[in-house]
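Student: Here are the chains, one letter per residue:
Number of protein chains: 4
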Amino acid sequence: MSGSSLGRLFVVSNFGESHGPAIGCVVDGCPPGLPLTEADLQADLDRRKPGTSRHVTQRQEADQVEILSGVFEGVTTGAPIGLLIRNQDQRSKDYGNIMDTFRPGHADYTYWHKYGIRDYRGGGRSSARMTAPMVAAGAIAKKWLTSKLGIEIRGCMTQIGEVDIPFSTWDDVHTNPFFAPNNGKVAELEAYMDTLRKSGDSCGAGLRVQATGVPVGLGSPLYDKLDADIAHAMMSINAVKGVEIGAGFACIAQKGSEHGDEMTPEGFGSNHAGGILGGISTGQNIEVRMAIKPTSSIRLPRKSIDKAGNPIDVETYGRHDPCVGIRATPIAEAMLALVIMDHLLVHRAQCADVQVDTPQIPPGISNY
Amino acid sequence: MSGSSLGRLFVVSNFGESHGPAIGCVVDGCPPGLPLTEADLQADLDRRKPGTSRHVTQRQEADQVEILSGVFEGVTTGAPIGLLIRNQDQRSKDYGNIMDTFRPGHADYTYWHKYGIRDYRGGGRSSARMTAPMVAAGAIAKKWLTSKLGIEIRGCMTQIGEVDIPFSTWDDVHTNPFFAPNNGKVAELEAYMDTLRKSGDSCGAGLRVQATGVPVGLGSPLYDKLDADIAHAMMSINAVKGVEIGAGFACIAQKGSEHGDEMTPEGFGSNHAGGILGGISTGQNIEVRMAIKPTSSIRLPRKSIDKAGNPIDVETYGRHDPCVGIRATPIAEAMLALVIMDHLLVHRAQCADVQVDTPQIPPGISNY
Amino acid sequence: MSGSSLGRLFVVSNFGESHGPAIGCVVDGCPPGLPLTEADLQADLDRRKPGTSRHVTQRQEADQVEILSGVFEGVTTGAPIGLLIRNQDQRSKDYGNIMDTFRPGHADYTYWHKYGIRDYRGGGRSSARMTAPMVAAGAIAKKWLTSKLGIEIRGCMTQIGEVDIPFSTWDDVHTNPFFAPNNGKVAELEAYMDTLRKSGDSCGAGLRVQATGVPVGLGSPLYDKLDADIAHAMMSINAVKGVEIGAGFACIAQKGSEHGDEMTPEGFGSNHAGGILGGISTGQNIEVRMAIKPTSSIRLPRKSIDKAGNPIDVETYGRHDPCVGIRATPIAEAMLALVIMDHLLVHRAQCADVQVDTPQIPPGISNY
Amino acid sequence: MSGSSLGRLFVVSNFGESHGPAIGCVVDGCPPGLPLTEADLQADLDRRKPGTSRHVTQRQEADQVEILSGVFEGVTTGAPIGLLIRNQDQRSKDYGNIMDTFRPGHADYTYWHKYGIRDYRGGGRSSARMTAPMVAAGAIAKKWLTSKLGIEIRGCMTQIGEVDIPFSTWDDVHTNPFFAPNNGKVAELEAYMDTLRKSGDSCGAGLRVQATGVPVGLGSPLYDKLDADIAHAMMSINAVKGVEIGAGFACIAQKGSEHGDEMTPEGFGSNHAGGILGGISTGQNIEVRMAIKPTSSIRLPRKSIDKAGNPIDVETYGRHDPCVGIRATPIAEAMLALVIMDHLLVHRAQCADVQVDTPQIPPGISNY
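Protein chains in written order, with my numbering: chain Z, 10 to 377; chain L, 10 to 377; chain E, 10 to 377; chain D, 10 to 377.
Don't take every hint at face value.
No copy is singled out in the list; a pair is fine if it fits within one copy or between any two copies.
[Unchecked claim] In silico DSS-like cross-links for lysine-lysine, where the CA-CA straight-line distance does not exceed 30 Å:
#, residue 1, residue 2
1, K264, K58
2, K152, K58
3, K207, K152
4, K157, K316
5, K316, K58
6, K264, K152
7, K207, K157
8, K207, K264
What the hints contain is simulated information worked out from the structure, not anything from laboratory work.
Please model the entire structure based on the sequences and the hints provided.
Tutor: Following this line, the structure appears as structure tokens:
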């Protein structure tokens with residue numbers, strides 16, 4: 010398959026550029042019988058929407074999604090679901106300053122050499138805007154997973170720039186502009202971001218996403234392991250440079266006697282595995298962490314070259330996120346939902362007949 | 010597609026269990042005209058082979074690969090290449106101790122619940138042995154990439170357990186049993202591993218793999234980004250719990266002014282991107298790091314349950330690697346080769362006509 | 010992959026129902042640099058549009074296509090091309106007569122049992138209307154094939170109901186309402202269709218589609234043979250019940266000495282192969298024929314059952330094509346273009362390096 | 010995916026050449042828990058084996074299949090099943106006569122131009138021998154379909170050369186060397202074949218394959234229609250030039266009032282649809298017919314060219330089938346089993362939750 014689709018049985022095929030007529034996707038493989046309205050999708054879209062606080066881009070995008078197909082009388086029919094989001098600001102505003110230059114850290118240089126042409130307006134295809142259709146598609150998967158299996162997916166920030174955010178409670182996440190699971194850190198984060206914004210620079214972010222209620226058995230041993238597909242999905246989010254499952258990089262210095270999660274009839278004794286063993290879900294919480302690089306568009310001058318290969322200095326003005334990671338939480342949630350949904354369908358295709366007497370043990374202790 | 014294949018145009022379909030008659034794979038999509046012999050594949054297979062030092066498992070496996078098809082008079086024909094490795098030790102030795110128990114950190118519990126049946130002999134399908142066919146397949150990709158494009162792929166260890174291995178030189182990697190790029194650390198590593206082995210415990214490992222000479226333009230913007238597919242491939246290697254591209258998790262605390270790699274006619278000023286921007290290769294070195302968890306099979310007793318759900322204690326004896334990460338270097342190289350090869354074919358399918366006047370700049374400084 | 014996509018590298022993912030808000034598709038994998046406007050797509054869409062003569066349905070559908078993405082300043086960028094066609098008539102007119110009944114020959118019964126829900130309005134997903142986005146997608150492939158390689162694709166009717174249409178000239182095809190390659194048969198066809206229409210019955214049709222200028226070498230030996238993928242594409246057109254390549258079913262009674270196309274430096278001596286040998290194009294014309302079943306919606310009463318399983322009589326009124334095959338010519342052309350385009354991209358991915366000294370011989374005699 | 014795989018969830022990846030070391034395939038996606046031994050596969054392999062009568066090639070091939078993986082203690086584990094068939098006759102016998110020539114009707118010319126290299130020994134990859142692994146893979150699907158759902162698949166000849174074979178009874182098929190469902194025609198067929206063989210010429214064949222007990226609901230509306238995938242699978246069998254579903258080409262001259270199969274509580278009134286409506290199974294018998302071209306290897310001299318492009322005469326000696334179609338029956342059965350199995354898995358992935366009150370009606374009358 011060409012490169013713009015995600016999934017095998019729950020397939021999202023994405024299209025659009027940030028300043029073209031519209032962006033959207035086709036969601037193919039959604040089981041029939043799921044009640045679905047545009048409001049179900051809009052909720053998550055609004056969570057990732059810009060302009061919700063002074064700490065994110067002040068661009069105004071309604072990101073109103075329209076369901077074009079696959080839903081009849083408020084219920085999914087099993088036919089592909091077409092989703093459309095019109096781009097509002099298509100003014101061919103002056104992009105002359107980047108039309109012929111390659112911005113450091115952006116895809117300008119790579120697109121140009123790959124395609125010989127690029128829609129430079131607002132980043133075109135490489136714009137973070139392309140995550141909006143995925144958030145909408147993910148909302149469909151989320152609703153199915155929650156309503157049919159009680160699977161919940163949620164995300165939060167673990168770090169913004171140099172400010173670590175110790176986990177306190179999921180309840181705080183939606184009560185502050187940083188998706189921070191710890192309101193005690195909000196004041197520090199606001200100060201940090203205000204300083205950063207004034208400096209004209211940007212910073213990276215650490216993000217965590219979790220799925221609870223996932224049954225044991227989802228995933229293939231190799232190569233479509235559940236964790237491998239999660240890594241693929243997360244790394245396919247703009248600006249993500251690292252992905253961890255469970256203990257992640259901390260496992261390097263761990264001993265086997267520490268890392269291997271013990272099992273008792275009462276449940277797992279720990280969750281260093283992040284809910285996945287041998288590529289297959291264990292029934293524990295799925296735990297994923299990722300690193301998001303600093304926004305590449307900053308006001309500070311950077312060295313680069315132009316299309317002719319001449320050296321130039323680039324200063325990027327405009328309404329950019331000082332930390333793109335902040336709005337990435339609903340995106341990561343959506344991607345995790347899409348991967349789990351896809352594996353769930355593959356699993357019931359292959360293993361619908363399987364029955365074992367062995368009782369499943371509880372998720373048990375979660376050390377994340 | 011079902012879960013045992015990797016790639017879109019250079020496709021490896023893997024089969025086998027550690028104690029079945031044989032393991033192997035079908036490599037489909039290799040271009041015609043590549044000189045290929047079994048010796049080309051054996052070199053890398055021997056690098057991952059057990060029993061090469063006291064620091065790895067003492068199991069004896071010849072891992073002799075046979076080319077079954079796709080090569081005629083020493084040259085690839087464009088037809089699928091069947092690769093076969095016979096399992097030598099199929100003695101139905103006494104696995105009674107694990108037949109009815111679920112070893113912590115292993116896939117026993119997940120396989121059982123997913124399939125309702127598992128080949129428990131030596132880990133069956135979840136055995137690290139299944140990486141052998143991938144190493145053979147990767148050797149085909151490596152030879153093509155090197156002979157046609159001068160792309161080189163190499164890997165080394167960055168950390169073993171608590172011992173950090175500062176990079177010194179690639180020349181050292183093949184002169185010590187740890188794939189360590191720094192012979193000055195070998196004595197410390199030997200002492201560490203000897204102590205670990207005696208303790209009956211195991212440790213994790215950090216691994217780095219690099220590709221040089223990759224042209225600008227490989228990869229799709231979304232979702233088959235080059236970095237996303239690399240993350241998928243690496244995370245599909247047994248025991249990998251984390252993957253980083255370029256700066257990886259370090260990018261969280263970086264400023265945009267630091268992370269974004271500047272460009273000049275003389276080349277890139279740094280390589281925090283790890284050679285990939287917007288999912289597409291930049292022409293810099295591709296830099297990947299991963300975390301490998303400690304071996305789950307240890308002599309120390311662990312709490313677990315049996316098939317009936319009763320609590321038990323598990324002690325795993327046998328000839329296990331105290332650090333599975335050590336032998337993972339050729340595996341990671343193979344996986345990276347497979348991903349790059351696949352993207353190269355996809356790229357020339359879509360962009361064979363593209364020509365730009367803009368000169369490509371040199372890889373420049375590599376800060377890895 | 011889920012079932013609504015066609016192709017591997019030139020992938021069309023289709024969505025929509027006949028009476029939903031819109032229909033359309035995502036065309037992923039189109040090479041960059043192709044000049045493309047909506048007018049390029051509209052030409053073929055207008056050829057399949059209803060209401061062009063009294064011999065087809067009198068429904069009025071503008072079928073105006075909008076390009077949503079993948080084209081910048083009139084040229085394809087390599088990004089997926091989103092295509093949108095708004096449904097004009099969404100009036101929830103009275104479909105009460107079919108809502109609870111299964112029309113013979115229609116997909117009502119199968120959809121209902123498969124999905125447990127169906128959008129019964131105008132056939133919903135099973136409507137011939139879903140071929141419109143494919144015609145638009147095919148027009149992109151057609152333009153690429155023609156402008157880059159001089160490949161031409163054209164179709165015509167071979168038979169309508171009991172009226173055989175001997176091939177005379179391609180020039181006639183666009184000068185009569187039957188896509189007939191023989192104006193001498195038009196009067197007979199008009200009389201036949203008028204009688205048929207008055208009778209309230211419908212008839213089937215035979216259709217031929219041809220590609221000229223296809224280079225030798227497109228296709229995979231097995232299982233993605235060029236002819237196998239053509240058969241798949243043609244059989245996926247609504248109402249198609251049979252597909253032939255070259256001599257087709259006539260080859261059963263042929264002798265090997267007759268069927269096997271001889272080769273001379275001047276060209277092939279015949280084309281019983283239909284331009285494909287061993288799944289790979291020969292450089293001859295690709296010759297495909299197909300059978301299209303009679304329209305299932307007829308005014309004559311038929312026996313059927315309702316949702317409760319009770320016997321009923323069904324009479325279908327409305328503006329239906331008395332012979333759906335008539336408008337299928339541009340659809341079959343589009344499908345053939347899509348398959349050839351896809352194989353062309355796969356071929357240059359795998360065989361871009363291949364060079365042989367052997368001269369290609371001319372297509373030679375075409376006995377079709 | 011590259012071209013040597015068939016299926017989406019029940020995936021067969023095929024490898025091998027007629028005179029290489031071995032042929033085989035990987036069957037990925039077989040559900041766990043199916044009792045399976047090599048004997049289960051050998052039965053169908055023996056039915057397609059050469060040398061079973063004077064009317065087929067006298068080549069001796071044991072075609073002994075070995076199961077390499079995916080089966081443990083006689084039961085499938087859900088892991089990929091590796092199948093291996095060693096080629097016995099690898100003697101590099103003198104193929105000098107075809108090494109530099111292109112045999113009319115063969116893939117010699119197309120392979121050479123596509124790949125720039127070809128394994129000319131016995132047809133290499135294009136040999137009918139490559140169907141053996143598919144027969145073995147199909148036997149797995151057959152056993153699953155029969156044991157789990159009572160689906161039966163069977164095939165027979167409808168015509169050999171100019172001799173039509175009116176259907177009499179399935180019981181006769183396995184009692185004569187022609188897979189003829191009518192022993193009354195055997196004497197005529199033997200005479201016809203003896204004369205043909207003496208003449209040094211070959212003939213085509215017509216073949217029918219049927220599936221009974223297929224539940225309603227298998228298939229996707231577009232583009233992975235059940236009939237489209239069947240057409241793809243059948244056309245991917247060597248030498249097949251045409252495929253029909255149900256009425257096939259006869260539907261062209263049918264009226265809608267004749268073709269559309271009426272439904273009553275007692276069952277369908279006819280089966281012109283061949284058991285598929287809108288790409289989805291109806292619960293009737295799946296009826297498929299195909300045309301197989303005459304063997305291209307004949308003793309009679311044919312005009313052709315050599316690698317240098319010079320005109321030559323070709324006479325093909327050796328032990329060739331005078332009618333390759335005769336041995337194709339088990340192959341077509343296998344392909345149909347593979348397609349149905351694949352769609353069954355896809356169906357239960359997407360529609361496992363669907364429940365309707367409407368009773369399914371019996372298959373009813375079969376007019377085939």
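Student: Now tell me, hint by hint, if it's right for this structure.
Tutor: Each hint, compared with the structure:
For a Cα distance limit of 30 Å, the shortest separation of K264 from K58 across copies, 24 Å, qualifies, whereas the shortest one inside one copy, 43 Å, does not. Within a single copy, K152 and K58 get their C-alpha atoms as close as 20 Å, which meets the 30 Å cut-off; across copies the closest is 39 Å, which misses it. Taking the shortest Cα distances, K207 and K152 never come within 30 Å of each other, neither inside one copy (40 Å) nor across copies (51 Å). For the homomeric pair K157 and K316, the shortest alpha-carbon distance between copies (26 Å) is at most 30 Å, but the shortest distance inside one copy (53 Å) is not.
In this assembly of identical chains, K316 and K58 lie within 30 Å of each other by CA distance neither inside one copy nor across copies; the values are 33 Å within and 45 Å between. Taking the shortest Cα distances, K264 and K152 never come within 30 Å of each other, neither inside one copy (39 Å) nor across copies (37 Å). In the homo-oligomer, the alpha carbons of K207 and K157 never lie at most 30 Å apart, since the shortest distance is 47 Å inside one protomer and 50 Å across protomers. For a Cα distance limit of 30 Å, the shortest separation of K207 from K264 across copies, 13 Å, qualifies, whereas the shortest one inside one copy, 45 Å, does not.
The earlier numbered hints that this structure contradicts are 3, 5, 6, 7.
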